[in-house]
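These are the residues of each chain, in order.
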Amino acid sequence: NAGVTQTPKFQVLKTGQSMTLQCAQDMNHNSMYWYRQDPGMGLRLIYYSASEGTTDKGEVPNGYNVSRLNKREFSLRLESAAPSQTSVYFCASDWGTGLLYEQYFGPGTRLTVT
Amino acid sequence: EDKVVQSPLSLVVHEGDTVTLNCSYEVTNFRSLLWYKQEKKAPTFLFMLTSSGIEKKSGRLSSILDKKELFSILNITATQTGDSAVYLCAVCPYNQGGKLIFGQGTELSVKP
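These protein sequences, in sequence, are chains A and B.
Numbers given in our numbering equal positions in the first sequence, counted from 1, plus 641.
Numbers given in our numbering equal positions in the second sequence, counted from 1, plus 1108.
Just so you know, these hints were derived from the structure itself, not from any lab.
Everything numeric in this text was worked out from a predicted model, so none of it was measured.
Note that CB positions come from ideal geometry on N, CA and C, so glycine has one too.
Careful, some of the hints might be misleading.
Claimed, not checked - Partial chain A-side listing against chain B, Cβ under 8 angstroms, derived:
1. P649
2. V653
3. G657
4. Y674
5. A691
6. E693
7. F731
8. D735
9. L741
10. Q744
Working from the sequences, and respecting the hints, build out all of it.
Below is the structure:
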């Protein structure tokens, strides 16, 4: 089992460029999440998908869009990157609401916007 | 607004010391509290504490939850250099899609 995988590992963008971060899990989890981590601020939820076919905003959704492509894959898109989106992005998954299981995290994508 | 606060933000100790990391929270409809360890990469799960499981122990690590006073502590005894990491506390509320609310993290450095 690979667990949660993310691509790419590193990315540098210029302001205004777009890109999509990919995430996949092979644990048959129902729910998937996108977080960003900035120095001194812990992890903050951007978007989540409680189940296939649904997505909801988290704490910091502005400037991002998501797609739950199927049960395995959950992508995060930056349509017009800004320097404020420089961060480390983590994808996570778990069995879903109502169930007391931990979230599993991917290795992260380090994004720099210049 | 739901909030999780960790203290201290950073800590330097020597091998063999015992450390206590703190996590306080103000969260509506608390369901569970989780501790993660992060070593320059993905957070890895340590413990989950709930109303029915307020104390957990694994080797040199232990954690308790005080639901009345709204805090949790993570204890590490006989620290080793491999314990150096950022320790994250997160709370999961009910009826919010399983999302986690994280504290800022405590950066622990264990010197030989």
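Hints and how they fare:
Taking 8 angstroms as the C-beta contact cut-off toward chain B, the hint placing A:P649 at the interface is violated, the least distance being around 15 angstroms. For the restraint placing A:V653 at the interface with chain B, the shortest Cβ-Cβ distance is roughly 20 angstroms, beyond the 8 angstroms limit, so the hint is violated. At about 30 angstroms, the closest approach between the beta carbon of A:G657 and any beta carbon in chain B exceeds 8 angstroms, and the interface hint on this residue is violated. Of the supplied interface hints, the one on A:Y674 holds, with its beta-carbon coming within about 7 angstroms of a beta-carbon of chain B, less than 8 angstroms.
Hint status for A:A691 relative to chain B: holds, with the closest Cβ pair at about 5 angstroms, below 8 angstroms. Look at A:E693: its Cβ only gets to about 14 angstroms from chain B, farther than 8 angstroms, so that hint breaks. The interface hint given for A:F731 holds, since its Cβ lies 7 angstroms from the closest Cβ of chain B, which is under the 8 angstroms cut-off. A hinted interface residue such as A:D735 counts as satisfied when its beta carbon comes closer than 8 angstroms to some beta carbon of chain B; here the least separation is about 6 angstroms, so the hint holds.
For A:L741, the suggested interface contact is upheld, since its CB lies about 6 angstroms from the closest CB of chain B, less than 8 angstroms. Interface hint at A:Q744: satisfied, since its Cβ lies 6 angstroms from the closest Cβ of chain B, which is below the 8 angstroms cut-off.
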